[in-house]
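Let the sequences and hints guide you as you build the complete structure.
For what it's worth, the working numbering labels the leading residue of the sequence shown as 170, then goes sequentially.
By construction, these hints were calculated from the structure, which means they are not laboratory data. Virtual Cβ for every residue (Gly too), placed ideally from N, Cα, C. The reader is advised that the hints may include incorrect statements.
What the hints assert, rightly or not - Calculated pairs, PhoX-like style, for lysine-lysine (alpha carbon to alpha carbon, straight line, at most 25 angstroms):
#1 Lys555 - Lys500
#2 Lys500 - Lys556
#3 Lys378 - Lys326
#4 Lys602 - Lys561
#5 Lys394 - Lys326
#6 Lys423 - Lys378
#7 Lys500 - Lys378
#8 Lys378 - Lys394
#9 Lys560 - Lys496
#10 Lys366 - Lys394
#11 Lys655 - Lys455
#12 Lys613 - Lys555
#13 Lys556 - Lys602
#14 Lys560 - Lys602
#15 Lys455 - Lys326
#16 Lys326 - Lys366
#17 Lys613 - Lys655
#18 Lys423 - Lys366
#19 Lys326 - Lys423
Unchecked claim - Cβ pair distances, simulated, as ranges:
#20 Gly397 - Asp476: 20 to 26 angstroms
#21 Lys602 - Gly558: 20 to 26 angstroms
#22 Leu315 - Asn533: 45 to 51 angstroms
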Amino acid sequence: MAERFERTNGRGWVHTGWRNRGMLVIALLAFCTSPVFAAQVYQCTRAGNVVFQDHPCDDGSTSQLHEYSSPSPAQPSAAQQRWRGMTPIPRPVITPPPTLASVLAHQRANLRPTAPNPSDIISNPAPVAVTGDTLVVSHAQPPSGLPQPPIAPEQVKGAKIVMVSGYDSERPDPACTSGCALPKPGTAAAQNITSQKPVEVTLSFPGQKVLLLINSHTLVPWSIKLVGNTQLVGILQGYRALNDKPSPVSAPVKPVPMSMAYTSEVGNAGFVSTLQMLSWWYGVQKMDAFYGSYRLPASVVIDHVSDDPALALGLRVSRLAGVDAGKLAFKLPLERGGYQSWTAAGPANGQASGYTLNDLTVDNAEVGVSYVMERYHPEYVIAVDKKTGQKKQFAATATLPNFAFPSAMALDTRHHILSLVTTRGFIYRYDLKHERWIDSQLMKNVGIVSFAYDEAHDRYVALNRYGMLLFISSEGKVLVSMPLLKQLPGSGLLYGDDDGRMQAPMIIPRENGAVLVGYAGDTVKLVWYLDYVQNQTRLTYSSY
170 MAERFERTNG RGWVHTGWRN RGMLVIALLA FCTSPVFAAQ VYQCTRAGNV VFQDHPCDDG
230 STSQLHEYSS PSPAQPSAAQ QRWRGMTPIP RPVITPPPTL ASVLAHQRAN LRPTAPNPSD
290 IISNPAPVAV TGDTLVVSHA QPPSGLPQPP IAPEQVKGAK IVMVSGYDSE RPDPACTSGC
350 ALPKPGTAAA QNITSQKPVE VTLSFPGQKV LLLINSHTLV PWSIKLVGNT QLVGILQGYR
410 ALNDKPSPVS APVKPVPMSM AYTSEVGNAG FVSTLQMLSW WYGVQKMDAF YGSYRLPASV
470 VIDHVSDDPA LALGLRVSRL AGVDAGKLAF KLPLERGGYQ SWTAAGPANG QASGYTLNDL
530 TVDNAEVGVS YVMERYHPEY VIAVDKKTGQ KKQFAATATL PNFAFPSAMA LDTRHHILSL
590 VTTRGFIYRY DLKHERWIDS QLMKNVGIVS FAYDEAHDRY VALNRYGMLL FISSEGKVLV
650 SMPLLKQLPG SGLLYGDDDG RMQAPMIIPR ENGAVLVGYA GDTVKLVWYL DYVQNQTRLT
710 YSSY
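Here is the structure:
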């Protein structure tokens, strides 16, 4: 099951159960930016056992299993990486690596049941391909209390929609790069906004109309300049400033304040919610240009329309052609009790909400027992008999480290072992037959947030807080890790810059792949299918 995490800057999942929001920032998992990205996996022998690793063998032998490469475009500048209104950045052309299924089969056949070595982590950096064949345009209905358009629709008709958004701007003091104190709300300093440099936005669309959206989290002074006969029909200014007043704007037209979440990148909840509001008001389906950055520069120039599909509403949803949907069936627990049947294509009765997705509860249908760990009492696991309600505790022994920050549990149905993982990288295994703890192991700061047992292949499948997909042997040994977060189409919709909380997707193993369920609260929002054989990730369901 999956743990609730906070996602900051769209780069990973961060645990919120025991930490204040914003304490952890996860680094971006992305393709390498060197001219040529190459990866090798070496087959080595250690203590009589076959292992796989991403560097030459310790004894000097170099039995190379696979080698593959992926050309990537020239390194773009820092400004180009943020633009959605300038020169398009070429996309990398991926040379398909060996299928994940073949690598895993080879590893499993050569793995012997020995004491796990925490240092043996095989990294397979080959990205998973993303496919989709149907463009689904958002059909979200406007709320009953939808406010009136702040600018008349007839004024906006035919205008280019341009957005500039960020957390704050550059500081006037070169020595102050982060953590600088902002003025106290209500003081003269706060009104003068001397703590941040102004941002000058230059629009160059000669002979064309432009609707400009500007937004920041902190108090940022704005200056809007027009080139040629660019016609600025209006400015919509979102804000979330420390003194709850909009930042000053120097512009040819007076800005109109509106409720708008700042966003530093396209595709997340803040960006989509703003675009959806514009769609309801003015019928637009995409932004024409966008600039987003955590720290806005002193000057932003936007001079043409971007054709980036990420600027449009809607998601590409695959219809799973050639895949037996029945083999991708699963059930989700309902808040009112019982279960609802699903496939990767959606719920059997169309119900997307009303689910209780508890990551620290595991059902053992064979014996009618649920295993539960209470969040505020993580010192033991409780076994609950579903018929009688009788409870039994499995407390940690003195030889085990404390259950620090538990995140998920899974039931090994082959060996009757209950496994518990934590965000600190530990895995604990409990023998249900003999009612004793087997061991605890540190998996080299893996930090698992979503965890499930794959009975067909006798292994665990997991996601860690860095957005990596992990395959772990039933003995608790990490076999493979590979990037996944950025390969899930639409995953950015589950978080926003203003409110970075995100629940890590639930992972459900199947014969030749896995189903990933992305949800917010009690509502399933997105479902993906990870196909091991085709080495593809497909978005198969969306309730947006």
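Can you confirm whether the C-alpha distance between Lys500 and Lys556 stays at or below 25 angstroms? holds (20 angstroms)
Does Lys455 sit within 25 angstroms of Lys655, going by the straight-line distance between their CA atoms? holds (22 angstroms)
Under the criterion that the straight-line Cα-Cα distance not exceed 25 angstroms, is the pair Lys378, Lys394 satisfied? Answer holds: Lys378 to Lys394 is near 14 angstroms, not above 25 angstroms.
Taken at face value, is the distance from the CA of Lys366 to the CA of Lys423 at most 25 angstroms? Roughly 21 angstroms between the alpha carbons, so the hint for Lys423 and Lys366 holds.
Has the given pair, Lys613 with Lys555, been kept, meaning a C-alpha gap of at most 25 angstroms? violated (36 angstroms)
Within a Cα-Cα threshold of 25 angstroms, do Lys378 and Lys326 meet the stated pairing? Within the cut-off at roughly 9 angstroms; holds.
Between Lys613 and Lys655, does the CA-CA distance stay at or below 25 angstroms? Within the cut-off at roughly 22 angstroms; holds.
Holds or violated: the 20 to 26 angstroms window for the beta-carbon distance between Lys602 and Gly558? Holds, since Lys602 and Gly558 (Cβ atoms, about 23 angstroms apart) stay within the stated range.
Pairwise hint evaluation, Lys423 against Lys326, where the allowed Cα distance is 25 angstroms at most: At roughly 19 angstroms apart (the allowed maximum being 25 angstroms), Lys423 and Lys326 satisfy the hint.
With a cut-off of 25 angstroms on the C-alpha distance, tell me whether Lys326 and Lys366 pass. Roughly 33 angstroms separates the two Cα atoms, so the pair is violated.
Please work out if Lys423 and Lys378 have their alpha carbons no farther apart than 25 angstroms. holds (16 angstroms)
Within 45 to 51 angstroms: is that where the Cβ-Cβ distance between Leu315 and Asn533 falls? holds (48 angstroms)
When the structure is compared with the earlier hints, violations turn up for hints 7, 9, 12 and 16 and for no others.
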